[in-house]
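Number of protein chains: 2
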Amino acid sequence: MEPPHAPVAAEAGAGAGDAYTIRPLELSDLSKGFCELLAQVSPSPPLSEEAFRARFAELAALGADHLVLVAEEAATGRLAAAGAILVERKFIRRCGLVGHLEDVVVDAAARGRGLGERLVRRLVEHARGRGCYKVILNCTAELKGFYAKCGFEERNVQMGLYF
Amino acid sequence: MEPPHAPVAAEAGAGAGDAYTIRPLELSDLSKGFCELLAQVSPSPPLSEEAFRARFAELAALGADHLVLVAEEAATGRLAAAGAILVERKFIRRCGLVGHLEDVVVDAAARGRGLGERLVRRLVEHARGRGCYKVILNCTAELKGFYAKCGFEERNVQMGLYF
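Protein chains in written order, with UniProt numbering: chain R, 1 to 163; chain G, 1 to 163.
If you're looking for bench data, these hints aren't it; they were derived computationally from the structure. Be aware that one or more of the hints could be misleading.
Where chains are identical, the list cannot tell them apart; a pair therefore holds if satisfied intra-copy or between any two copies.
Claimed, not checked - With a cut-off of at most 35 Å between alpha-carbon atoms, the simulated DSBU-like pairs for lysine-lysine come out as follows:
hint : residue 1 : residue 2
1    : 32        : 144
2    : 144       : 134
3    : 149       : 32
4    : 134       : 149
Based on the sequences and whatever the hints tell you, model everything.
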């Protein structure tokens, strides 16, 4: 399932390709543990079929400016990882594009096999193909090492205001 | 020009309301110094009328999910500040919405008058009105104090991968 233009041919964990299929999110993924997976990274109560379909359609309307990838385990048909990229259109840098990497999660039972890195690299590759000049993400200090392995460098401080 | 539901009635710099009008970006702003202003925060070469109009239309198609505000100086008709908010649609947190605060800049000659804080609070208010559960931003360590004054707290690390 890796495209021929994958960023790093010999990426770590590529050998796990037989066990997991990385592909765009589908409507049937609601019943394959999508919400349970997301709940491992952020509060994410189960969604109704209606709510999931509505958000799915809103994101689909953004075309290639939004992509959710999931990793489905061949043996069980359950989702083992997910992540998203949102392309932001700016005026700076000659109307440049920026990819925002969001909500990356690997199921606790599937960690340590390079699956997260494979997924992140696929999302980064999507942003690159879309013409983004960079991809950015926010993470806790504990995850800096993982993202450094994926090619990211620490740049700035993330601040937040919660309502 | 402050809406009646402004987040903080007695915000710093509110008295500057006579000197500056904060409003959404307009097509005529290309000739009011928009690119020159942006260039103070990021590389931002002048845009052709065609490129500016094309990006403007793309962003307008996002409706209230994208807003660029500018501050126009009454005395000169030039732009003195700008900033943008992009609303991201997620699956986590019951299909929650997140506001991304981007490309905030105040003209060097207009700093120290609370204009940046007024602009940021207006953008935050837009995100709140849109139903976002939080607004996030990335900044250098030097700007943490400014954003703390605007109500933000340091949360995480921002990492980037440049192509």
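- Is the C-alpha distance from residue 144 to residue 134 at most 35 Å within one copy, between copies, in both cases, or in neither? both (17 Å within a copy, 23 Å between copies)
- Item | Up to 35 Å CA-CA - residue 144 versus residue 32, copy category | within (29 Å within a copy, 41 Å between copies)
- Quick one: residue 134 to residue 149, C-alpha cut-off 35 Å, is that within a copy, between copies, both, or neither? For residue 134 and residue 149, the Cα distance is within 35 Å both inside one copy (16 Å) and across copies (29 Å).
- Task: Could you figure out if residue 149 and residue 32 sit no more than 35 Å apart (CA to CA) within one copy, between two copies, both or neither?
- Result: within (29 Å within a copy, 44 Å between copies)
Of the numbered hints stated above, none is contradicted by the structure.
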